[in-house]
Structures are given as structure tokens and as C-alpha cells.
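Engineer: With chain R held as given, fit chain U onto it using these hints.
Here is what each chain is made of, one letter per residue.
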Amino acid sequence: MRFNIKSLNYSTILTICLIVLLTILGELSDSFKTLLTSVTGHHWVTKSVLSLIFFVVIYFLISKTVKDWADSNHLIIDAIVVTLLGGAIIFGFYAWHFMH
Amino acid sequence: MSNPLVVIHALTGVLSIFAFLLVFVELLSPSEKAIGRIKIFAIIGTILIFISWTVGGYYYVTYYGPDIKPAIKEGPNPWIHSVVMETKEHVFLFLPFLAILATGVILSYDAGLLENNKARSSVLALCVLIILIGLAVAGMGYMISAGARVAGVG
Numbered sequence: 001m002r003f004n005i006k007s008l009n010y011s012t013i014l015t016i017c018l019i020v021l022l023t024i025l026g027e028l029s030d031s032f033k034t035l036l037t038s039v040t041g042h043h044w045v046t047k048s049v050l051s052l053i054f055f056v057v058i059y060f061l062i063s064k065t066v067k068d069w070a071d072s073n074h075l076i077i078d079a080i081v082v083t084l085l086g087g088a089i090i091f092g093f094y095a096w097h098f099m100h
Numbered sequence: 001m002s003n004p005l006v007v008i009h010a011l012t013g014v015l016s017i018f019a020f021l022l023v024f025v026e027l028l029s030p031s032e033k034a035i036g037r038i039k040i041f042a043i044i045g046t047i048l049i050f051i052s053w054t055v056g057g058y059y060y061v062t063y064y065g066p067d068i069k070p071a072i073k074e075g076p077n078p079w080i081h082s083v084v085m086e087t088k089e090h091v092f093l094f095l096p097f098l099a100i101l102a103t104g105v106i107l108s109y110d111a112g113l114l115e116n117n118k119a120r121s122s123v124l125a126l127c128v129l130i131i132l133i134g135l136a137v138a139g140m141g142y143m144i145s146a147g148a149r150v151a152g153v154g
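Residue numbers (our numbering), protein chains in the order written: chain R, 1 to 100; chain U, 1 to 154.
Isolated chain R, as found in the complex (with noise of 0.2 Å):
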């Protein structure tokens, strides 16, 4: 089984972005975070699911523009950069939120 790597690290990139950005937009936005829960009944259900079909969606779109699959190593560096930072974001974001 081969996979579109280049595609695969993008959607992954973006994915993370997505989850940060909508866990922060969620809790400083109380009409965000009813948007969210009207959706499936629970506003971190709506983010799993939201993340999931994001992912699947970003993978096919860049999957059709991007072909050489290959030489894109830099990008999982890139992704676990992104992962590092967008969990000290989520926790310094609800350490901050709890003092103030």
C-alpha cells in the first residue's frame, strides 16, 4: 500500500493547526463553542469529528495537486514541530485561562 507522503504530512500539519485553533477560538468564544456543540451534542465530539473528516478532505484535495510522494522528510520534521508547539499552545492556553 503506498501513500501520497507529501499529502499525508500536510493534512497532518493542518489537522493540528485545526484542533489548537478550535480548542482556543472554543473557550474564548462561548458562541463558538454552542456552534460546536449543536452540531453532535458535545463540542469536543464536533472537534474529533470535525479533525477526522478535515484530515481525510485535506489528504485527497492535496493528493490530487501534489504527485511526487517521495523526498518529503523535512515535512514529518515539520509535523512533530507543529505537534510540540501545538501542545505547550493548548497547555499553556488552560494554564493561562485557570489563572485568570
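In case anyone wonders, no lab produced these hints; they're calculated from the structure. It is possible that some hints are incorrect.
[Said to hold, decoys possible] The list that follows gives simulated cross-link-like pairs (lysine-lysine, BS3-like), each with its CA atoms no further than 25 Å apart:
1) Lys6/R x Lys64/R
2) Lys118/U x Lys33/U
3) Lys33/R x Lys69/U
4) Lys118/U x Lys33/R
5) Lys118/U x Lys39/U
6) Lys67/R x Lys6/R
7) Lys118/U x Lys67/R
8) Lys73/U x Lys67/R
9) Lys6/R x Lys69/U
10) Lys6/R x Lys73/U
[Unchecked claim] Going by beta-carbon spacing under 10 Å, a handful of chain U positions derived as facing chain R:
11) Phe24
12) Tyr63
13) Glu86
14) Phe94
Where a beta carbon is used, it is the ideal one built from N, C-alpha and C, also for glycine.
Structural biologist: Showing chain U alone in chain R's frame:
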């Protein structure tokens, strides 16, 4: 006694970490035979993360949100929910996609991982990240369980 859903969530989560640990160990000095095992461990690890995600999500929505969360927030350590649980439930969402990425690279390169050092290093780095995030999430889960017990609902 712990809710069985929490046990399944934690067990599948820990086993998925173990699966990616096996991928990491096998990839340190891979052979033709090891490639087959690496692919199986990566697929199993990814499936286990999805099971942990689904079961944990069901427990979170059905039991944690209505019963445990209010007790922790009104208890002596409200930060257990406000910081630890909030961080855990959102950082956890990174794991399924990182697991798909790692498994996708492994399946795509296949035996090419034996010669392509860059690809192998990338997968090793991804495994380390999955293992570290998995351990952090497991540790946070333990803190939440302890916080629930202190709040009288664990």
C-alpha cells in the same frame, strides 16, 4: 472500582504506546523479516489509538462530563479538570493523525526503509513523539483519576 470504559480506554492507550515502542525498537536495526512485523505493529498501534479515542470519548461525554467534572471543579483541586483534563482531551486528538502519518510512511516505503536512512529516521522520530505524548496523556489520566478520588467521585 474504576469504570470498565476507563480501563478499556487506558489499556488500549498503553498498548498502542507499546506497539509504537516495538516499531521503534525494530526500526533501530531493521531486516527484511522485521519490516513485516513493523507494519503489523504500526497498524495495530493505530487501531488501538482509534479504539482508545472512541471509548474514552464515550466515557467523557456520558459519565465524566455530567458526574466527575463538576465534582473535581468544586473540589480542592479544580485545576485537575481546568488544566490537566482540558489539555489531555485536546492533545490526545493529535495522536490518531500522528499514528496514521507514521503508519502511512512505513507502508509506503516498505522495504525501502532498509536503505533510506532519512525515512527511517523520520519514522523513529515520529515513534518517539507518539510514545512521549502517549506517556504524557497516560500520566495526565492518572492525575485525573487521583483528582476524582480526592473529590470523592473516583
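Engineer: Hints broken by the structure, by number, lowest first?
Structural biologist: 4, 8, 9, 10, 11 and 12
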